[in-house]
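Undergrad: Each chain is listed here by its residues.
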Amino acid sequence: MSAENQASVHVHRDDVATKMGMWFFLFSELLLFGGLFLMYSVYRYTHQHDFHIAAEGMNIFLGTANTIILLTSSLTMALAITAMQKGKKILSLSLQIITFLFGLAFLVNKFFEWSAEFREGNYPGSPILTAKPSGQILYYGLYYTMVGLHGVHVIAGMTVIAFMIRFTIKGIITKDNYVKLEAAGLYWHLVDIIWIFLFPLFYLIT
Amino acid sequence: MEENKVQHVHTPGYGIYFYVWLALITLTALTATVAGVNFGKLSIVVALIIAAVKSYLVLTEFMHLKFEMRAFRIFVIVAILFFTILIVLLFSDYSFY
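Sequence order for the protein chains is A and B. Using my numbering, you'd call the opening residue of the first sequence number 1 and step up by one each time. Using my numbering, you'd call the opening residue of the second sequence number 1 and step up by one each time.
Pulled out of the complex, with its shape left as it was, chain A reads as follows:
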């Protein structure tokens, strides 16, 4: 048996199981955010008018911009995996870096959005906010919790992508072994899906 054959026979990998493990982790994320979405739905149902009033204070432009940023970052992540499958290491690396930068742009937008909210006095526990009707306090509480937790996921996703960039440079992720990049992509796309629901629920209440 030649050295090459041996290499292909003794591979200690199970790509299907790796991805399945990642999917199971994503289901646990569904439970984490699912509980929050349930809480949101009940409070929105019981305080419809207050939610409507509070949502009018949201910056729809920044929200829409962030939606487009995240959707585009999902595109570049998917393209990075395809590029790696085709053996185009530099292209894949560039796309991963672009994905990371889109994540950063999302957070910068979020920073400006939250800064504006804080300046208006709509931060948790502020005198201005606590003087508002309870439904609006609930809206802002849910807004900071859910969008904040999503922001933490964006930071986590960027950390994972940073590792993938390192792995790609070091040649650990290759044309024939890119399952790590795929798993990172799954996480990043989940973060995108959560935002797909957060955006209409917090910014577009009519």
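Some hints could be false.
[To be verified] With a cut-off of at most 30 angstroms between alpha-carbon atoms, the simulated DSS-like pairs for lysine-lysine come out as follows: (1) A:Lys19 - A:Lys86; (2) B:Lys41 - A:Lys132; (3) A:Lys19 - A:Lys132; (4) B:Lys66 - A:Lys86; (5) A:Lys170 - A:Lys88; (6) B:Lys41 - A:Lys175; (7) A:Lys180 - A:Lys132; (8) B:Lys66 - A:Lys19; (9) A:Lys86 - A:Lys180; (10) A:Lys180 - A:Lys19; (11) A:Lys180 - A:Lys88; (12) A:Lys170 - A:Lys19; (13) A:Lys180 - A:Lys170; (14) A:Lys180 - B:Lys66; (15) A:Lys89 - A:Lys180; (16) A:Lys89 - A:Lys132; (17) A:Lys175 - A:Lys19; (18) A:Lys89 - B:Lys41; (19) A:Lys175 - A:Lys89; (20) A:Lys175 - A:Lys110; (21) B:Lys66 - A:Lys88.
[Claimed, not checked] Now the in silico label distances, taken between C-beta atoms and shown as ranges: (22) A:Asp14 - B:Asn38: 47 to 55 angstroms; (23) A:Asp14 - B:Ile49: 23 to 31 angstroms; (24) B:Ser92 - A:Asp176: 47 to 55 angstroms; (25) A:Pro127 - B:Phe82: 40 to 48 angstroms; (26) B:Ile25 - A:Ala116: 22 to 30 angstroms; (27) B:Thr33 - A:Asp14: 40 to 48 angstroms.
No lab work stands behind these hints: they were computed from the structure. Think of the CB as a built atom: it goes at the ideal place given N, C-alpha and C, for glycine as much as any other residue.
With chain A's structure known, arrange chain B on it following the hints.
TA: Quick look at chain B alone, frame taken from chain A:
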């Protein structure tokens, strides 16, 4: 035997992803525009349907569910089904609250 544990490349090409992205952006524009129109109680339904279509596109195309073994798709459907049951049971209670 070991061979089938290492995944095979599907090479879907770059093109399809751009179309999916274009569809996602279009749906985002649609949901932002439609939000200005007052459908009353239907507004939330329209917004959630658009969000569901967008999620479907991300799951099947970006997350490669259409290339994966059938077991993956079943897992996802079961997870979404149970979450739906959770919402339906909750609101079967709250609607009469």
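Undergrad: Could you tell me which of the hints above the structure violates, numbers in ascending order?
TA: Violated hints: 3, 6, 7, 16, 18, 20 and 23; rest satisfied.
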